[in-house]
Amino acid sequence: MEAHAARSRPVGRRWRHALESRRVLAPLLIAPAVVFMALVVGVPFVWAIYLSFTDAIGGSLSGHWVGFDNFTSAWHDENFRRALRNTLIFTLASQAIVVVGAAVLSNFLVRDFRGKWIIRFLVVLPWAAPVVLSTITWLWLLDSLYSVLNWTLARLHVDHALVWLFDATHIEEGAQVPLQWLGRPNLALVAITLVHAWRILPFAVVIFIAGRASIPNEVEDASRIDGATGFKKLWYVDLPLQLPIALVAVLFGIVFTAVDFAVVYILTHGGPFNSTQVLPTWAYAVGIDSGSLGAGAAISLFLFPLLVLVTILMLFFARRAQVS
Amino acid sequence: MTRRQTIVTYLVVVPFAVVLGFPFFFALVTMFKTNLDLANVDHSPYTYNDLAGHLHWDFWNYATLDHVRFLFEETNYPTWLLNTAIVGGAVVVITLLLAMPAGYALARLAGGWGQGAGVGIFLVYLIPPTLLFLPLSRLVTQLGLKDSLWALILVYPSFTVPFATWLLMGFFKTIPQELEEAALMDGASRLKALRLIVLPVSLPGILTVVIFAFSLCVNEFIYAFTFISSSEQRTVSAGIPNDLIRGDVFFWQSLMAATLIPAIPLALLYNAFLDRFIKGFTGGAFR
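Taken in sequence, the protein lines are chains A and B. For the first sequence, our numbering begins at 1 and goes up steadily by one. For the second sequence, our numbering begins at 325 and goes up steadily by one.
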């Protein structure tokens, strides 16, 4: 017994010694996560790429190799083009609103004031609520008959002015009171953009606050000594320092909006007449509802290189802004 | 702050809070409305009115709990809440088991390639679920998990693990390295130092990850919507649009109640852990 214990000890020690080394321990700790991700993301991803080059349909997950046919026919499809355009519109327009809103709100939300807790609670709500559920609330707010938004606009006597405004700006010509927010193509684009902006804004505010928190106090003191106040300070001191973190917020916002399926699916189902389809919902309509797996996979794939490009650009700028 | 600054602050902050919170406030009003009151377009949608559309001082007598009762007694809503909790809980455990070691290793041990791996993890987050779920649904069928909560428990870590690893990497970076080094000097092994020094200190960070991973699970729609076909196995995000919206018939009051009930506790949790989240998030790959 004793001899056995004595013999086994060096082995145990060697093992323990190996665990002390970074070269062994680091890969060992990362391995489970990497293996799992390879299985549930890597394999399906490669498989989906394969599918996009085949004519696979229905329940079978293989088909004949058709090369780039799915991609070229998607590209020449009017619905696909509109879905791509809509994805870009929703993503860019909502993020523009979000960035401006978050820059303003975060600057005030870091101050101390009475009732800050309840304000913060209300601001965070759209982000905390599950997307599907809060979108259903919007479905009710924008209802064709019972819309509380239209009711309120009518009571404030601004509904006709709004219709005129949509008409004059050619956003939605020939609209009438009460506004059919989800029933007219361009109004639906406006509504979906606003819902996206509404749900991403709290997240961006939080990230902006984080950015402010990371600005060293010395900067604050120095700018006060130099006499930078109000707007000048905001423009020349606060905003440049917040730039890297703002880019992070935008990056996440773009990803959250571009890959989102629930908002469009719940609000309009891509309608009226496919006018509000985005790439995820169009891929679903083609790949699942119509059963053309290969074509659906190809549509989904269009999004990925765009997102990778956005990520690389953002990380590049974030790091560069930080160095300077 | 001066008086003027305080006023300006409220002038900015209050309108934002009103706009962001309004849908939830209105959901709260709607959930207690009677059908006749709701269906009459001449009635104010903000109040509980009598049949003629008039508001009385005892307005609560013109409201009803029927639709909330309907939600809990006539639909599978309680089951969906339970399912959501089960899936969320199981996914959180799996996520922590995978992401904690990985996050620690990337923050402390990996050195130069840790940064690159951090970005790599983020890229995984960018693969659209609409792309993955075709092969994944096949995988789920092959494993005999179709229409089972296990399908979701297996698949959800695919998006919680990258997110949690990213956050935990940030938290671990904010812990002073000297703490561990002192323990190592005293003869503790690296794993022991990890267990006795690093874990207790990073507990708030880990709790934050728990909350945000859980809420990602509650949020998920497309997998829950397609992998599960029987009502009893659904989560809230898939069950509510599936069962409570039937064609053109909307159970608006019940829908609003169903929306508010999970949103409020989640928002309270978010609020409590917001500062921690901010810390972990910014500590991630940008420091």
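Don't read these hints as lab results, they were simulated from the structure. Hints should not be assumed to be uniformly reliable.
Said to hold, decoys possible - Derived coverage of chain A by chain B (criterion: at least 3 residues anywhere in the stretch with Cβ under 8 angstroms from a Cβ of chain B; other residues may be distant):
no.	stretch
1	30-36
2	45-55
3	73-85
4	88-101
5	163-176
6	302-313
Glycine included, every Cβ here is placed at the ideal spot set by N, Cα and C.
Status of the hints after comparison with the structure:
1. A stretch counts as covered by a chain when three or more of its residues have a beta carbon under 8 angstroms from one of that chain; for the stretch 30-36 of chain A and chain B the count is 5, and the coverage holds.
2. Given as covered by chain B, the stretch 45-55 of chain A passes the check, having 4 residues with a CB less than 8 angstroms from a CB of that chain where 3 are the minimum.
3. Interface restraint, the stretch 73-85 of chain A with chain B: violated (0 residues with C-beta to C-beta distance below 8 angstroms; minimum three).
4. Evaluation of the coverage hint for the stretch 88-101 of chain A: breached, as 1 residues show C-beta separations to chain B shorter than 8 angstroms, against a requirement of three.
5. With 0 residues having a beta carbon nearer than 8 angstroms to a beta carbon of chain B, the stretch 163-176 of chain A misses the requirement of three or more and the stated coverage is violated.
6. Counting residues of the stretch 302-313 of chain A whose CB lies closer than 8 angstroms to any CB of chain B gives 5, which reaches the minimum of 3, so the coverage claim holds.
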